[in-house]
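Keeping their order, the protein sequence lines are chains A, B, C and D.
Per the numbering used here, the first sequence starts with residue 1, numbered consecutively.
Per the numbering used here, the second sequence starts with residue 1001, numbered consecutively.
Per the numbering used here, the third sequence starts with residue 2001, numbered consecutively.
Per the numbering used here, the fourth sequence starts with residue 3001, numbered consecutively.
Certain hints may be false.
[Unchecked claim] Every beta carbon over 10 Å from chain D, so not counted as near; a handful from chain B, in silico:
id: 1; residue: 1076
id: 2; residue: 1159
id: 3; residue: 1175
[To be verified] Partial selection, computed: residues in chain A whose CB lies under 8 Å from chain B:
id: 4; residue: 8
id: 5; residue: 30
id: 6; residue: 39
id: 7; residue: 70
id: 8; residue: 129
id: 9; residue: 159
I should point out that these hints are in silico values taken from the structure, not numbers from a laboratory.
The beta-carbon is built from N, C-alpha and C at its ideal position, and this holds for glycine as well.
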Amino acid sequence: MNPGPLSYFLVSAFGIGAVVSGWLVFRTDSMLRAAYWLMVSFVAVGAMLIVLDAQFLGLILILMMSGEMTIMAIFMILFMMNPAGLNPMTMVHQHRTSIIAGVGSFIVLAFVGVVAEFPDRPVPAGNATVALGEELLGRSMLVFESAGVALLAVMIGAIAIAAKQGRFGDAFDGSEEPSIDVETGDRS
Amino acid sequence: MTAFGILVQVTALLSGGAYVLVVADRLMSGTGSVRTALAYPVRRLSFLLLQPATTTERPDFEAWILGPALLMALAAVGAVAVPIAGPSAGGDIDAGLVLFGAAMLIVLVAVFIFGWGPNSVLPMIGGYRMAAMVLSVGIPFSLVVLTTAIPAESLSVGMIVEAQSSLWFVIVQPLGLPIYLVTAAAIAFWGPFDLPEGADLAGGVVAEASGLRLATWRFARAALMVTLSLMGQAVFLGGYLGPVLPGWLWTIVKTLVLLVLLALAGRTIARMRVQTFVWFGWVVLLPLALVDVFVSGWLAL
Amino acid sequence: MIDILLVVAAAIFGIGVYGALSQQSFVMIMMGLELMLNAALLVAITFWWASTGGNPAGQLLVIVILAVMAIEAAIGFALVTAVYRSRKADITEKLKKLRN
Amino acid sequence: MGLRARLAHLAKTGDVPVFVVVGGGYRSAVHRLRLVEGISIVASPRHASVLLIAGALTNDATGTVSHVHDQMAGPRVTVAWGHPEPSVIPVQTTVNGDVTEVATTIRRLFHDVLSGAVAPEQPLLPDVDAVEWRGVGPYGHGGAGMTGGTPYGRPLALRAPARDNLELDQLPVTVGPWFTGFPPGLALRISLQGDVAQAVEVAPTNLIQAGPAGLFTRALSEPTPIRDLEMARARHHIEWMADTLEIAGVDRLAVRADRIAGMISPGEVDPVERLVKAVRRSLLRLMTLRNVGVLPGEIDLAGLGPVVRATGVADDRRREEQAYRDLGFEPVTHSGGDAWARFSQRAAEAVQALDLAGRAGDTRAFGNGEVEAPDGLHRMGEPDPANRLVSILETVLIGSEWGDLVTTIQSLDIDMETVSVGTPAP
């Protein structure tokens, strides 16, 4: 299959959108904005999936992320130190190492992606969603079911970990205040 | 149909439906005559357009502006998935049902950022309440909508309507429509589930909004109700199928029936508490929706 | 086309790596991880689309990645809650000693 | 005609959005104003064009009323109704007449301000931050010491355990005194975690100037016809029901209750009973009121009228009045002590009051320094029951979700007219 110019344009546009919004996640100081920039990044990738004929997966990704990112935002409001919204917050460490690691992994992966030759066997015309459905409930049923069971186990496990009364008794027994004073420690 | 044609069609449908909804809601509020109710939307809109926008102390302006715009866009995207006039009349998307579901769940984001935007406590609580509500009913909502795809063997709304030519899914899946209507009212934060805009929050997410911002938000919410009714009639009441009248007219009639039903429920039932609602979503609606899925799946085998 | 897609995926992955390493807040670290998974997802679909002749197992892989994302989020938040409950810590610096 | 003029022409025939600041002696009058067609009483000043100051306020109210005034989106005008000169903030017009007159005035001013005949009012207060801004940049990013101290010019939120002992930030806010979910004049300082109130403190306020002595106050010193007393009681309870229904989101029934309150006559219990049936059909109990606002057992409720009778205790001063005994009076009680019990209690008392008023003839009662008013036992020279209700708020509201908090306060029927908490705010 030969993608038309429209596909090129859409993929490039959404691609730039996904990268820029992904970058903005770590550039904003608002917890709400960080969570929703991440969602925008996911939505852009979802749109790219739709352009690449994986309609169902793209939409499912968008559907999932809207809920998950709101939960993210609420957790950030819960656990970050100032819930009042747009308050200042620059909290980074080992900044230089991180930048090097990020740029390095980008260069390596992009290099591999551009240089390496991949077989040219495009998706045949037809309904990819139907094919996926038949795969899920046919040959790969075990994988699909395992994912379901894993999710169930995680649900139970997550509640057990987060609940006050844990497996080893009350979460407060044996706990101590952190020893490092983050207010004065300048380690970035 | 061209993209422009679809745009015109959706705009007309959403505006007309929103007008009917506002008039019906006004009529059921217990004050005023039919005459004033009919003129109410126009007069109200004129007033809001004259009202200057207010601001609060250090709001998140982008979020506050984006909220209403996003809500409106989501209503339109959801409406695009539904074929209006007939099988060949365009507007039919391969995985339309999933598109609709995704759009409706992002409503949460629109309401949350709209409540967050003004940097004020009552709207913020409104946004939190919306999160609690949608996370509780999101799963039953998606389940009952997607269950209609089982007998139709397709995720396209057009195919689902076609599959109802012998019998509407409201009869095949008796649990479907009631659960759908309840969850739809919650997603449009309407009726007994208008928690994010409750009187106990002095308007909640709209407590700080005025002028054009309020007008856009009100219109977007009414349009969202129209979209939800439109999808409800398509997947449960046979959409454009019907004798004598043309298909598009059937669509409109059935949409208005659901719309008025929701408006009536909104005015006659008291607002639910948040805690009760969360319990209701997880303990009542979710198991019922699962029963709906299992029974439909079993029947389809 | 495939070049564009892979470069985009690499860029998203790089940003994810940067975020996961540089952030102090647990929730922000999780955002970095999510971005990396986002890139993986895009790569999987790219190869499925371009190089597998439409083998549905490629789409299946994406479903598995989605499940992994959900699991990561659930376990991550549960651990954040548990750690916060016992140590009042919400950033990594407060957790230098993992044992009491 | 320009677009603006055209819009103004359309808008001025529509409803007038009015925000009401209710002062002493005018709660009942505002209920009647709500029934006037073309007047729409709104919950947020942002939505209003007309600010109506109904009844008397003390001079302490100037600050808060000015805030409300400036929050209005405009074009705005202020009307005083039965509010003595000089008023707390500058007003356009003062009306001393009845509901029709004030409604006409409001409509006329709304017309004039939209068409430009009257200049819209300017803000009363300077537009400055309540606390000095000390952040860097538009959102205060990048200032130093951001993990402690007072960025944003305000202290960082304090942590406190939430319901399951997770220590989370608290957001301290002051809500009131003109928040429509609370009784007029009541301001609360609330520490919020999400939408849950972790700590509640009644802010010192003394904003409402008591109106002329009401019927029940006069009954303390002189014997009063039972018919008048019971009619007043029924009207009070029905208007309270209207407020509750409005907050619960069933405006339709709230309007109906207001209508009934305006046309009750002795002995005619039918409309009220039908209203109660309609309320039952609205699922009010199931949806909103059940198990909300149950008062802890250690609080002494004696003398708190319907609040104590809703817990099953037949505590009623009327039992000791010979005139009432002759009418075969026996207090109604309900069990449960939650908001629904209080609703049923007041509904039943309204019906009972109408019945008593129908049979009372010209008999008189009270006049000996004690009287059973709608909100409880009033004693000569002692503070009203509302003072005690306000003092228990800080205990009963802790841990409530926001909606439950509002429902609980409403279910206690607090009238701030005779309450003064602490020293007035400077």
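Status of the hints after comparison with the structure:
1. 1076: Residue 1076/B is indeed farther than 10 Å from all Cβ atoms of chain D, at 25 Å.
2. 1159: Correct as stated: the minimum Cβ-Cβ distance to chain D is 38 Å, above 10 Å.
3. 1175: holds (20 Å)
4. 8: This hint is violated: residue 8/A lies away from chain B, its Cβ roughly 19 Å from the closest one there, beyond 8 Å.
5. 30: At about 7 Å, which falls below the 8 Å cut-off, the nearest Cβ of chain B leaves the hint on residue 30/A intact, so it holds.
6. 39: Hint holds; residue 39/A Cβ to chain B Cβ min 7 Å, cut 8 Å.
7. 70: holds (5 Å)
8. 129: At 6 Å from the nearest chain B Cβ, residue 129/A passes the 8 Å test, so the hint holds.
9. 159: violated (13 Å)
The structure fails to meet hints 4 and 9 from the earlier list, while all remaining hints are met.
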